[in-house]
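> The lines below spell out each chain.
4 protein chains.
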Amino acid sequence: MKAIAFRGVHDVRVESIADPRIVEPTDAVVRITTSAVCGSDLHQYHGRVPGIEPGAILGHEFMGVVEEVGREVRAVSKGDRVVAPFSISCGRCEWCRRGLPTQCSTTGRAVFGGRFGKQYPGAQAERIRVPFADFMCEKISSDMSDEQALFLGDILSTGYACAENGGIRPGDSVAVFGCGPVGLLALQSAHLFGPARIFAVDRVDYRLKLAEELGATPVNLDKGDPVEQLRRVTGGSGPDVALEAVGHEVPFAQAIQAVRAGGTVSSVGVYVEQSIGFPAREAFFKDLTLKMGICNARNYIVPLMPLVQVGKLQPARIITHTLPLGDAPRGYKIFDQKEDRAIKVLLKP
Amino acid sequence: MKAIAFRGVHDVRVESIADPRIVEPTDAVVRITTSAVCGSDLHQYHGRVPGIEPGAILGHEFMGVVEEVGREVRAVSKGDRVVAPFSISCGRCEWCRRGLPTQCSTTGRAVFGGRFGKQYPGAQAERIRVPFADFMCEKISSDMSDEQALFLGDILSTGYACAENGGIRPGDSVAVFGCGPVGLLALQSAHLFGPARIFAVDRVDYRLKLAEELGATPVNLDKGDPVEQLRRVTGGSGPDVALEAVGHEVPFAQAIQAVRAGGTVSSVGVYVEQSIGFPAREAFFKDLTLKMGICNARNYIVPLMPLVQVGKLQPARIITHTLPLGDAPRGYKIFDQKEDRAIKVLLKP
Amino acid sequence: MKAIAFRGVHDVRVESIADPRIVEPTDAVVRITTSAVCGSDLHQYHGRVPGIEPGAILGHEFMGVVEEVGREVRAVSKGDRVVAPFSISCGRCEWCRRGLPTQCSTTGRAVFGGRFGKQYPGAQAERIRVPFADFMCEKISSDMSDEQALFLGDILSTGYACAENGGIRPGDSVAVFGCGPVGLLALQSAHLFGPARIFAVDRVDYRLKLAEELGATPVNLDKGDPVEQLRRVTGGSGPDVALEAVGHEVPFAQAIQAVRAGGTVSSVGVYVEQSIGFPAREAFFKDLTLKMGICNARNYIVPLMPLVQVGKLQPARIITHTLPLGDAPRGYKIFDQKEDRAIKVLLKP
Amino acid sequence: MKAIAFRGVHDVRVESIADPRIVEPTDAVVRITTSAVCGSDLHQYHGRVPGIEPGAILGHEFMGVVEEVGREVRAVSKGDRVVAPFSISCGRCEWCRRGLPTQCSTTGRAVFGGRFGKQYPGAQAERIRVPFADFMCEKISSDMSDEQALFLGDILSTGYACAENGGIRPGDSVAVFGCGPVGLLALQSAHLFGPARIFAVDRVDYRLKLAEELGATPVNLDKGDPVEQLRRVTGGSGPDVALEAVGHEVPFAQAIQAVRAGGTVSSVGVYVEQSIGFPAREAFFKDLTLKMGICNARNYIVPLMPLVQVGKLQPARIITHTLPLGDAPRGYKIFDQKEDRAIKVLLKP
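Here the protein sequences line up with chains F, P, C and U, keeping their order.
Quick note on numbering: the first sequence equals residues 1 to 349 in the numbering used here.
Quick note on numbering: the second sequence equals residues 1 to 349 in the numbering used here.
Quick note on numbering: the third sequence equals residues 1 to 349 in the numbering used here.
Quick note on numbering: the fourth sequence equals residues 1 to 349 in the numbering used here.
Just chain F, with the same shape it has in the complex:
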C-alpha cells in the first residue's frame, strides 16, 4: 500500500510498503478514509525530534473503516466506521485505569508513526494496524462526516482539554495564545464554558479572521505587546484564563504575565525545548494555576461526540485543504509555510 515516509529534514515521500495485518488477537486493521497532518508532525519534519528513523511512516490523526479484527476483539467488527486516539494504549495497565492512557506502560507511551513508527507505523497511509482495538476504536454514527469525526482522535480533544483545564467559569474572559488548528479548536471549546469574552492572539491575519468568525476578539501581535493589549481590554486586570496553544517560551511567559491574579494558564503546546524560562516571581505573587499537558484524547472522544452532532463544536471549520494522500509532501509544505491561507490539511487515500 501507499504511505508517507520520513526521509530527512523537510523530506517526506510517498512510498510503497507492505499492508498491515493482525499481529495480536486484540488488533484491528483499519482502512483509512481520512488522515491529517498535525502540528507535531512538523516538529519531526523540521528534524527537531530525536529518535525518528528514515523510513518511519508518519501520521497519527486518522479515521476509517475496520477491515479485519483479531479473535478477541468484541467492541468493533468488520465494516464499522471508527476513529482512534493518536496515542496507543492498552486500556488495562495501571496508567490506563487511572485515566491517563497517554502514559500507558504496556506500549511505552507510544504514539502512531514518527519516532514510534518502527513498531507502530503511522496513519498517513492507506491502512493501519490499531492495537488494543476494543479500547482504541470508537464507532462513528453515519450522521457524522469524516471531517466532523476525525479530529476527535487528537486536535479537537486537545483543544477541548486545553479549555477544560483552564477552569473557565461563566462570565470569565479568556485569551487564546496561538490561532493554529489546536488554538482555534480550543477557542471553539472555550465557548462551551460560558465565557463573556474570548480574545485570540496571533499575528497571521487570516487565522485571526477565522478566530473572529468563531466569536473571539483578535489581538494582533504586530500591533504591540499582547500583555498590554489584553490588560487594556480587560479593565487592567488581564483575562481570567489563558489558553496557550503554541509551545514556545515567549507565548508561555506572555500568558503568565497577561492573566489576572488568581487566574489559570492552560498549556497544550508541545514543547520541543527541554527547559524554558519561567517568570516564577510573577507566578507566585499572582497566585497562578498552571496546567500543562498532553491530551488523553481517548477520554474525550465519546463525551465530545454529541457536541459535534448538534453543531456546538464545528471542527471542520478549520479545514482549509483536502489533498489526495499522494500529495502529502505538498501538504506538509503548505502547512509548514502557511501557504495559501492554510490552517489544517487533510489527506484522503
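Quick caveat, the hints were computed from the structure, so don't treat them as lab data.
Just so you know, even glycine gets a beta-carbon here, dropped at the ideal spot from N, CA and C.
Treat each hint with caution, since some may be false.
[What the hints assert, rightly or not] In the DSSO-like style, the derived pairs of lysine-lysine whose C-alpha atoms are separated by at most 27 Å in a straight line are: (1) U:2 - C:312; (2) U:209 - U:2; (3) F:209 - F:333; (4) F:209 - P:209; (5) F:312 - F:348; (6) F:338 - F:348; (7) P:209 - F:312; (8) P:312 - F:312; (9) C:209 - U:312; (10) U:312 - C:312.
[To be verified] Calculated from the model, a selection of chain U residues having no Cβ within reach of chain P, i.e. all distances over 12 Å: (11) 33; (12) 47; (13) 91; (14) 94; (15) 144; (16) 213; (17) 228; (18) 229; (19) 298; (20) 311.
Go by the hints and put chains P, C and U onto chain F.
Chains P, C and U alone, transformed into the frame defined by chain F:
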C-alpha cells in the same frame, strides 16, 4: 409614599405609608425605579406562608437609585444606580463570611417584605431602606437597563445557581422542570455550561414556546408522562441533569425518576410543604446527587453582570408585563392566573 | 461443593451444589478463602427483597485464590490471590466506561448471589465463577491478610465512598448515623479527610464503644433526640456533614435536620422502601447537598489498598466473628439479632 | 515604643519609635504579645528585596490584644485577643470580594513592615496599627495559647494552602521539598488529606528528624539525587503530589521531575528571582498541574482554628527559640545561620 400591602388571601392593596429613612449608619435609602412580582410572593398571596401580618409591604425584587446613605457607608453614594439581593445580610457574620448570606445570623435569615415586612418593609414601593448597604448594594453601569439588571438580585441568580448546582458538563443533556420565570432563566443559564441538548418540561403552551425560542426542546406534560418522554429522547437513559424549578412533590419525583444513573437533580423550587415523598430506593440505586437550595444571590450579582452585558444572558426576554406600581393588584392577578400569556410582571413606581 | 442457599424467610441452609466452571473465555473460577455476611444479605434473609428464589446461593463479599481462567483472561492467572467487587460489571459498556460499573448494561446491574443467584451464584460458598475477570479481579499482595483485603470489594469501599461523597473538608465536624459495619468504616474513612470532630449516632452500646475507640464522640439515641444532641455539641449550627449508613426514613430525616445550612448529607443506606418522607422545605432553606448511592466499589479497590497497607484504614477492627462456612445459618442469626456483640461475621470455607 | 528596624544587609536594630495610633475610623491598635521572624524577612535581611528603606520596621507575623479601635470598628473591641494575616486588605474591593485579599487594590497588595514599612510599620514591635480591623482581626479563644494561634496569620495558613493546592487525595504519596517552618507545617497539613505516605526532602539533619517525628519518611539530599530517591520509594512512578516550600529553581525542577505523570506540584516558595528554568517538555509529557502562590491567609484563619484546638495541627512543634523582642538581632542571626538547631524564632515584647 405608595406601597403594596398584604391584606389577606388574594388581597393586596396600594396604600400610603411613611417614607423610609436611615436608621443605622450602615443603611441606604433607595428610590425604586423597577420592582417585580416573584413566584414566592404568590405563596404569600395564596395565604400559604405562615407569619405574614396584614399590612406587611410585599416585594423583594427591586433596583433603583440611592437617595441617602448612613455615615459609615462607603461603597455607594447618593445618585448611584444599584441592585440588591432579595435576602438581607450583614456581610460580616460567620454565615456571610462562609459565603452563605441567606443564612445571616445578624438579620435572622430575613428577606425584604412579606413575613419579614414589619422589620424590613418590601420593595413593591416607591422607596426602600437597605440595611448593610456596603454589602448589599451593587452599582449598575449605565449601559445596562433596569430590565437587564433587576433580576440579578433574585431570579436570574436563582436560575443560574440552579444550573450551576446541576454540575452540567459540556455535551450533557439537561431537563428543566417548570417554565416559569425561574425555570426559563435556569434554561438560559444552562446554555453557559455547554450542554448538547436542553429539554423544557411544562404544560403551558406559550411558556413552552418561549423555552423553544431559548433553545430548548419542549416536553409537554399534556402529551404523556414526562419521565417516559425524556427517556425516549435520550436513548433510554434519561438526561444527565434535571433542573427542578417548581417546588412540588410531583416534578421533584419526576426529576429523580427521569435523570440517568449517576446524574444530578438541582432543585430551586420553594417548597411550601414541610415534607414530601421521596423515591429513596430509586435515588439509591441510581447513585444520584441532589442539590436543594435557596440562592445566595449576593454571590452571583457581580459574576453574572458581564454575561448580561454581552447578551449571553437575556433576562429581559421573560418580561411580559410592565405595570405602574399602582396596578400591582392587577399584576398579582395576571401573574397568578397566567392571564394574557403572563410570565413576569414588573412594577414601575 | 458446599454453599449457603436461601430457602425462605429466616431460613438459610448449607447445601451441596455443583462446582462452578469456566463458561465464557473471560471468566475465572476463584476458590474462596474468606467471605462475609453483609447487611444487605439480611434484607433478603428478612424476605424484604422481591425476586429472590428458593435455592439461590447468597453472598457477595469474598476473596480467594484463582483456580482457573478462561483463555482471554490476561490480568490474573491461576494461583493469584484476588478480591472482587460485589457488583458484576463487564468493564466495557457505556456505563462501565463512565465509571459507573454498578450500572453495567451487559450484566443488567447484577450483583453476586441472592436475587441474581440463578445466573450468578453467590460467594458464601467454596468456589465462585467471576465473569469478566480482567476487569473484576484485583490481585492482593502477600503482605495483606484476608481480613484486611476482603472488605475492599464492598463495605470498606462503600464506607469510604460515603465519606468521600460527604465532601468533608479539614476542620469540619461530621456525624455518622448508624454504627453497623458500613457506618464504622465510613467513620474510619472520614478521618482521611481531616475533620476536627466526628460524632457517631447509634443506640447499641458496644457499637458506640467501638466508634469511640475509632475516634468518634458517641451520640446515644437513647439519651434524646440526636438532632438536638448534635446541635448542642456543635455550637448550635449542626455538623458540616452527615454520613447516613442506615437506610431508613428516620435517620435520613434526622441527618437532614441535624446538618448545618450549606452542609451535605451522604447516604449509603440500602433503602428497601420505594418512597420515604423527605423534609423538603428544611432542605431548601438550608441549601443542602444530598448524595445517595450504591457504591461503585471497583473504583475504590486500588486507591484504598495503600491506606490499608499502612494502617490508616483498619477494616479488620470491625470483625467480631469468624465462623466455618458450615456455620453460616448461625452467622446470619448472630448478625441479625446482634447477639454476642456481633458487628461483622466472616465465613471461612 | 521599641521596634526592630532594618538598617542594611544583615543589620537589624532595636530602636525607639512613636507609638502607633488610630488614623482611620476602621483601624485598631494592637499590643503585640508574640511576633516571629519569617523566612521572607530573611530575604530582606539579605538585601535581596528591592524597595526596602533603612529604618523600616520589620515583621508581619504577630498576635496580641486590642488596645484601641476606631469608631467604625465593630467586630473587635478593646481587650480582645486577636491574630491578623500578614497581608493588609480592605475586605471590600473587587479582589477581596473574589477571595484574593493578598491582591487588595485598596492597599496596593501591601504586607506589614519591610518594604511597605513606611506606610504600614511592621510587627516586630510592641504595638501595631491594624487597618480595616473588622476584616483583618480574628478573635482567639482563651483555650489557645499564643504559640498555637500566632501562625494562623501566616506560615500555618501558607503551609496548609500549599497542601490543599496539591490536591492530595486519600492514599496518595506526597513529597515535601524543604523542611523549614513552612515546609514542616505543609507536612503537618498534608496529613489532613489522608495520604498513605509523606516524604520530606532536606539536607539539615535536625529538620529531617522533626519531619520524621511528624510522620514523614526523610529523604536526605546528601544521600543522592532526590528525584531518584523518591522514584525508588514509590515503585518507580514518583509521588502523586510534591509540595515545594523552598522557592529556588533547583527544588522546583526536582519537584517537577519527581512527581508522577498526572500529578501536582504545589509551590509556596517566595521566589526572589524574576525568572527560573522550567522543564517544560517534561511537564508537558507528564500532564502536570502546577499551583503557585502567595497564601490568602485571611481565608484560612477561621477554618484552621478547630484543627489547632483539637490538636490535629500542632504548629507550636516547630518553635525552637523564644526570645525577648530586644534580642531580635540575635534571633535573625540564629534563624539565618541555622544555629542552635533553629527552626522558628519567636519574639516576645
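> Okay, which hints does this one fail, numbers in order?
1, 2, 4, 13, 14 and 19
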